[in-house]
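**Student:** This is what each chain is made of:
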Amino acid sequence: MQATTKVTQRTATSASGSAVGILALSGDISSASKDAILGAYQALDGTTPAKVLLDFTSVDYINSSGIAIVIQMLLEASKSGSRTIAIFGLSPHFQKVFTMVGINKYAALHGNEAAALASL
Amino acid sequence: MKNGSSVYVHIPSELGFEKVAMSTASSMATLMGFSPDRIEDLKTAVAEACINAIEHGNQLNSSLSVGVVLSTNDDQLEVKVIDDGAGIAAAPAAPDIDRKMHGEEDPRGMGMFLIQALVDEAEWHQGPPGKSFVRLVIKLNKESQ
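Heads up: the sequence lines are chains G and H, in that order.
Position one of the first sequence corresponds to residue 1 (our numbering), numbered consecutively onward.
Position one of the second sequence corresponds to residue 1 (our numbering), numbered consecutively onward.
A portion of the hints provided could be inaccurate.
Said to hold, decoys possible - Examples of chain H residues lying across from chain G (beta carbon under 7 angstroms, computed):
1. 33
2. 100
3. 104
4. 107
Hints are computed from structural coordinates only; laboratory data are not their basis.
Glycine included, C-beta positions come from ideal geometry on N, C-alpha and C.
Pulled out of the complex, with its shape left as it was, chain G reads as follows (with noise of 0.2 angstroms):
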């Protein structure tokens, strides 16, 4: 009964000219989205740019497996030591979640996607 989560890849180029990954989730983030989410994280091989965003623009719905999701993928990223996470287009509520949480503390949290690459 779950809705299905869908995750897209592309690129952009940073305000400072880097290459940045960028993966858009849409649907809901919940545990039933743990093989998309990871799977496109896992997907990501050795072209892909080190700076990775996650795009929550489209995202309609997020439970707490769903951020465990996401502190997952962030364990995965610490442990390869080469690659950084950035987040953007939570809602104001789920900013306020994620931030209570802590994931803002190993993930930067921006509103949108040109405020995001500005930072990197």
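Fit chain H to the supplied structure of chain G, relying on the hints for placement.
**Tutor:** Just chain H now, with coordinates in the frame of chain G:
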């Protein structure tokens, strides 16, 4: 809306149906005049309470349902989420992002923390099957916070 109005919803013990309870709570809170940001807080708290009831209380048993009772009382909205589990004896420790990021703590386990953080009152009651529940309250007079 008349004081003391109640709405009862029963959802299957299947993940995803928490959104039905969430939508109902949102509609009730809108009718009572809660602000959009407080309604978002309530929606997340109700969804997390239902997910806990579905996963832990009813163990994803499709023959069991989760009861959700929404009641208006003075200037507050009370939500009870009832399941057939034994209930929760004590709230778990607050999540520690540093421990999670070091693989020392399960990345999950944030639901009860979010519930407590997002509503004005949250209480867990233990009981026999069908009687364990969590009670959430949001208050209109806390709108300015």
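**Student:** Could you tell me which of the numbered hints above are not met by this structure, giving the numbers in increasing order?
**Tutor:** 1 and 3
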